[in-house]
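Assemble the complex: chain A is given as a structure, and chains B, C and D must be docked to it using the hints.
Protein chains: 4
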Amino acid sequence: MSDEIREALEKIFSADSDVYRQRGFQRRVGFGERPAQIHIDLANAWTRPGNPFTCDGMGTIIPGVQRLLAAGRAKGIPIVYTTTAYAVTDGPSPDMGLWHHKIPVEVLKLGTDAVAIDERIAPEPGEHVIVKKHASAFFGTNLASMLRAAGVDTVIVTGVTMAGCVRHTVEDAIGYGFRPIVVRECVGDRVAGVVEWNLFDIDAKFGDVEPLETVLDYLEGIEPFSASPALSAETTGAAAETGRG
Amino acid sequence: MSDEIREALEKIFSADSDVYRQRGFQRRVGFGERPAQIHIDLANAWTRPGNPFTCDGMGTIIPGVQRLLAAGRAKGIPIVYTTTAYAVTDGPSPDMGLWHHKIPVEVLKLGTDAVAIDERIAPEPGEHVIVKKHASAFFGTNLASMLRAAGVDTVIVTGVTMAGCVRHTVEDAIGYGFRPIVVRECVGDRVAGVVEWNLFDIDAKFGDVEPLETVLDYLEGIEPFSASPALSAETTGAAAETGRG
Amino acid sequence: MSDEIREALEKIFSADSDVYRQRGFQRRVGFGERPAQIHIDLANAWTRPGNPFTCDGMGTIIPGVQRLLAAGRAKGIPIVYTTTAYAVTDGPSPDMGLWHHKIPVEVLKLGTDAVAIDERIAPEPGEHVIVKKHASAFFGTNLASMLRAAGVDTVIVTGVTMAGCVRHTVEDAIGYGFRPIVVRECVGDRVAGVVEWNLFDIDAKFGDVEPLETVLDYLEGIEPFSASPALSAETTGAAAETGRG
Amino acid sequence: MSDEIREALEKIFSADSDVYRQRGFQRRVGFGERPAQIHIDLANAWTRPGNPFTCDGMGTIIPGVQRLLAAGRAKGIPIVYTTTAYAVTDGPSPDMGLWHHKIPVEVLKLGTDAVAIDERIAPEPGEHVIVKKHASAFFGTNLASMLRAAGVDTVIVTGVTMAGCVRHTVEDAIGYGFRPIVVRECVGDRVAGVVEWNLFDIDAKFGDVEPLETVLDYLEGIEPFSASPALSAETTGAAAETGRG
Numbered sequence: 001m002s003d004e005i006r007e008a009l010e011k012i013f014s015a016d017s018d019v020y021r022q023r024g025f026q027r028r029v030g031f032g033e034r035p036a037q038i039h040i041d042l043a044n045a046w047t048r049p050g051n052p053f054t055c056d057g058m059g060t061i062i063p064g065v066q067r068l069l070a071a072g073r074a075k076g077i078p079i080v081y082t083t084t085a086y087a088v089t090d091g092p093s094p095d096m097g098l099w100h101h102k103i104p105v106e107v108l109k110l111g112t113d114a115v116a117i118d119e120r121i122a123p124e125p126g127e128h129v130i131v132k133k134h135a136s137a138f139f140g141t142n143l144a145s146m147l148r149a150a151g152v153d154t155v156i157v158t159g160v161t162m163a164g165c166v167r168h169t170v171e172d173a174i175g176y177g178f179r180p181i182v183v184r185e186c187v188g189d190r191v192a193g194v195v196e197w198n199l200f201d202i203d204a205k206f207g208d209v210e211p212l213e214t215v216l217d218y219l220e221g222i223e224p225f226s227a228s229p230a231l232s233a234e235t236t237g238a239a240a241e242t243g244r245g
Numbered sequence: 246m247s248d249e250i251r252e253a254l255e256k257i258f259s260a261d262s263d264v265y266r267q268r269g270f271q272r273r274v275g276f277g278e279r280p281a282q283i284h285i286d287l288a289n290a291w292t293r294p295g296n297p298f299t300c301d302g303m304g305t306i307i308p309g310v311q312r313l314l315a316a317g318r319a320k321g322i323p324i325v326y327t328t329t330a331y332a333v334t335d336g337p338s339p340d341m342g343l344w345h346h347k348i349p350v351e352v353l354k355l356g357t358d359a360v361a362i363d364e365r366i367a368p369e370p371g372e373h374v375i376v377k378k379h380a381s382a383f384f385g386t387n388l389a390s391m392l393r394a395a396g397v398d399t400v401i402v403t404g405v406t407m408a409g410c411v412r413h414t415v416e417d418a419i420g421y422g423f424r425p426i427v428v429r430e431c432v433g434d435r436v437a438g439v440v441e442w443n444l445f446d447i448d449a450k451f452g453d454v455e456p457l458e459t460v461l462d463y464l465e466g467i468e469p470f471s472a473s474p475a476l477s478a479e480t481t482g483a484a485a486e487t488g489r490g
Numbered sequence: 491m492s493d494e495i496r497e498a499l500e501k502i503f504s505a506d507s508d509v510y511r512q513r514g515f516q517r518r519v520g521f522g523e524r525p526a527q528i529h530i531d532l533a534n535a536w537t538r539p540g541n542p543f544t545c546d547g548m549g550t551i552i553p554g555v556q557r558l559l560a561a562g563r564a565k566g567i568p569i570v571y572t573t574t575a576y577a578v579t580d581g582p583s584p585d586m587g588l589w590h591h592k593i594p595v596e597v598l599k600l601g602t603d604a605v606a607i608d609e610r611i612a613p614e615p616g617e618h619v620i621v622k623k624h625a626s627a628f629f630g631t632n633l634a635s636m637l638r639a640a641g642v643d644t645v646i647v648t649g650v651t652m653a654g655c656v657r658h659t660v661e662d663a664i665g666y667g668f669r670p671i672v673v674r675e676c677v678g679d680r681v682a683g684v685v686e687w688n689l690f691d692i693d694a695k696f697g698d699v700e701p702l703e704t705v706l707d708y709l710e711g712i713e714p715f716s717a718s719p720a721l722s723a724e725t726t727g728a729a730a731e732t733g734r735g
Numbered sequence: 736m737s738d739e740i741r742e743a744l745e746k747i748f749s750a751d752s753d754v755y756r757q758r759g760f761q762r763r764v765g766f767g768e769r770p771a772q773i774h775i776d777l778a779n780a781w782t783r784p785g786n787p788f789t790c791d792g793m794g795t796i797i798p799g800v801q802r803l804l805a806a807g808r809a810k811g812i813p814i815v816y817t818t819t820a821y822a823v824t825d826g827p828s829p830d831m832g833l834w835h836h837k838i839p840v841e842v843l844k845l846g847t848d849a850v851a852i853d854e855r856i857a858p859e860p861g862e863h864v865i866v867k868k869h870a871s872a873f874f875g876t877n878l879a880s881m882l883r884a885a886g887v888d889t890v891i892v893t894g895v896t897m898a899g900c901v902r903h904t905v906e907d908a909i910g911y912g913f914r915p916i917v918v919r920e921c922v923g924d925r926v927a928g929v930v931e932w933n934l935f936d937i938d939a940k941f942g943d944v945e946p947l948e949t950v951l952d953y954l955e956g957i958e959p960f961s962a963s964p965a966l967s968a969e970t971t972g973a974a975a976e977t978g979r980g
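Residue numbers (this note's numbering), protein chains in the order written: chain A, 1 to 245; chain B, 246 to 490; chain C, 491 to 735; chain D, 736 to 980.
Just chain A, same shape as in the assembly (with noise of 0.2 Å):
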């Protein structure tokens, strides 16, 4: 992006910042207590070239992720993974739903090393891959539910694209009682411009976008990640005795 188009985006967000602010946009939603990582399509067709899914800024997104990493592993916090991936393209009930009147997504075939996780953040066991259909790495998975059923309350987002799986799924997360932080360093995209309007728009209304540094600094300051406390102490014994008609 040319320094002059850049210099034009930052008028209109400063001018739309005035308005947001004296209404009373663009609060904080802060980070909670017991954080989850979603690192969205970092997968080869997004992060290695020749791919139509070929996304920009691999040389800070990566390096990034593996420092939100270490961090998050050093705490125990969940870490979850998504891919786009199909495993039916054609015919008249494909997986894909409409998508592929829009997008090229009868490219991204389940099971293929262009929807694996790039392996320079590859997953650990007990980590979590989803495969998801849609932008929202929530839209039709069991991710909320199983954040809920592990106690999270905040949701740290990367990957990309900037402009579809994130933003979608950062609409989600506030809307499901999740508080989403963008991690800006880490998030982008395939055209110009759009990661700078994305992200100035889910500050406003959506999420919060910090800096890497923020979060890491974050991570190192939060309790580890253990079974949610009501979850800890069992009730056993009273099987016996309980319930039925």
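Honestly, the hints are just simulated from the structure, not real lab data.
Keep in mind it's a predicted model, so treat the numbers as computed, not measured.
Glycine included, each C-beta is placed from N, C-alpha and C at the ideal position.
Any given hint could be a false lead.
To be verified - Straight-line distance between alpha carbons at most 25 Å, and here's what the computed DSS-like set of lysine-lysine pairs gives: (1) Lys256/B / Lys501/C; (2) Lys354/B / Lys746/D; (3) Lys844/D / Lys11/A; (4) Lys109/A / Lys599/C.
Claimed, not checked - Some chain B residues judged to face chain D by a derived CB distance under 7 Å, without partners named: (5) Lys320; (6) Val333; (7) Thr334; (8) Gly336; (9) Pro337; (10) Ser338; (11) Asp340; (12) Ser390; (13) Pro469; (14) Phe470.
Structure of chains B, C and D alone, referenced to chain A:
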């Protein structure tokens, strides 16, 4: 229900429980630390005579719910009521969906006294009345999101009907990551047997069926409900320096 | 189930049906024009001996499903199988959510033979295998969206267990706006009585329970399934002149 | 928005479109055969001056929506309005979830004039007003289910705000399997630029942005909306012999 039939059901439940226990079913999900109450369809169409939806057992259910409400209000836990009501009951796009092709939901008109919560257990300010269109209190409603945002981990369920809305609500509740507790004396239906066999199925697989006194004891023992810890520590002042690309 | 107990259940069902009919329940939702088949959890853990999840009745269920598959494939309708399987069964954020606190889902490991669809009714290319985490085939999955995109209006349901996944699926199906048809001979469970009473509840309120022969006749009579009319008339060429700001 | 800034945005959109087209994005999803209209948050808080939520452009949006309503009503298609409103705006379990931590939703009180649909485009009997709690018209509501039951395949979307509720609605719509059509002249917002860049993102990935005249022509050309074919052929008489165990 005749003694003879009750005896036959008990015989089935006993044999089935043997199988379930050998195989590791009928475990206890137990109580968490931050409960909400969900009172299903205790509106006049179900609690008063003369409606196709009228249920039995209100002589026990209403006083039980009154005691639960008192105990829950003393601790400030979220209280949720549901009713089932429709704004558009004819034409090609009713908000009943397809359900009137199975049961007479067309009599449940939004805004009528029939679908108002029974005044003996009337909602107080700050409590929630959710108008649902389908059986489960969670289906097509904001309930799971609202409870998650409030940090709820347990749902105490009462109401009617056991074979319909209560059961579907409990199945969904554990799916969404909430511990379902069904209050045995506070659920009902309108035909014989179905309370018993649905409680049996639920206790085997989806939630714990507990006596009213156990639930009241539990409510007496919990901490008062407050904004979830994360939400009480507001992150103010950080607004100026965050976020945008 | 002994004759004596079956007789007791029939007596209850008969009395209950009298009440339901007087009140306008037990209506017929009927067959639509664009059906899909959903075969619930007919994977080896349920269809073969020796697993906590093993069910009865496969001598009838499997041949029935084979006939349905042949009839459905002849018309090209969407065929969906589900299995229930988990990638993370320990630690503080299992993808089982809370369900292992009720039933032994920890034995259902993703990628094992136990959770693969029974080879006697093996999926063919272009058919769908959905890995679900909860009881309903719709819960936390892309199923409703995929069927809607394909223009499906009716779901023909088989599988196990009747008191668990089949029932929850049917309750959800009518909620999502699909006509649920349960094939009487093709559903099963692992303890006595629960097939009967759950079919009774479903037929009263959520979907039609129909004999296999009726469903086979219906499938023989429908038009071959093709891309929905709207989707076959592609709107090409308009791209250049549409849309932006 | 100044000419200079508009020019800068157009320059970005043009460069980005080149990339998108080379890679197979910006396809047309097209119109289906059974549309519904969804008018997002055209209630007084958004359409009239003096509210934090007040939007610009009503001089164009309201007359455009009036024309769409006339055209849609002439064909009897489902008309859906949304508003965003809250019953419980303080205490530990507000129905705002966490959203008031980002934007001033606490001013949107259920039952006030502010959240009533603007009377210039007032709903008529048989039309739907959905009270939502989050950005998308589909999120935590019965909308997708109701439209599915009515056999709808296309959603024509108008309203505000483009950077919030309209965008999230469109992202969800294609996920749920409906073809989203956004009416270019009938969407708005309250700060500069965001209509343009959100329309750009949507048209690239989630739905078609079409001029009002194109949508009016389409509505004029469709068949009158009736109960879906399957639902008009009732399957009566079969009740006696069906179903139960």
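Structure-based check of all given hints:
Between Lys256/B and Lys501/C the alpha-carbon distance is near 16 Å, which keeps this suggested pair within the 25 Å criterion. A C-alpha spacing of about 54 Å is found between Lys354/B and Lys746/D, which places the hinted pair above 25 Å, so the restraint is violated. A threshold of 25 Å between alpha carbons decides the hint, and for Lys844/D with Lys11/A the separation of about 34 Å lies outside it, so the pair is violated. Straight-line distance between C-alpha atoms of Lys109/A and Lys599/C comes to about 23 Å, which keeps the hinted pair within the 25 Å bound.
Using the Cβ-Cβ criterion of 7 Å, the hint placing Lys320/B at the interface with chain D is not satisfied: the shortest such distance is roughly 11 Å. Because the beta carbon of Val333/B sits about 6 Å from the nearest beta carbon in chain D, less than 7 Å, this interface hint is met. Below 7 Å, beta-carbon pairs count as interface contacts, and Thr334/B has none with chain D, the closest being about 10 Å; its hint is therefore violated. For Gly336/B, the interface hint holds, since its Cβ comes within 7 Å of a Cβ in chain D; the closest pair sits about 5 Å apart.
The beta carbon of Pro337/B comes within 5 Å of a beta carbon in chain D, closer than 7 Å, and the hint placing it at the interface holds. The beta carbon of Ser338/B comes within 4 Å of a beta carbon in chain D, closer than 7 Å, and the hint placing it at the interface holds. Checking Asp340/B against chain D by beta carbon gives a least distance of about 6 Å; that is within 7 Å, so the hint holds. Using the Cβ-Cβ criterion of 7 Å, the hint placing Ser390/B at the interface with chain D is satisfied: the shortest such distance is roughly 5 Å.
Taking 7 Å as the C-beta contact cut-off toward chain D, the hint placing Pro469/B at the interface is violated, the least distance being around 10 Å. Look at Phe470/B: its Cβ gets to within about 6 Å of chain D, closer than 7 Å, so that hint holds up.
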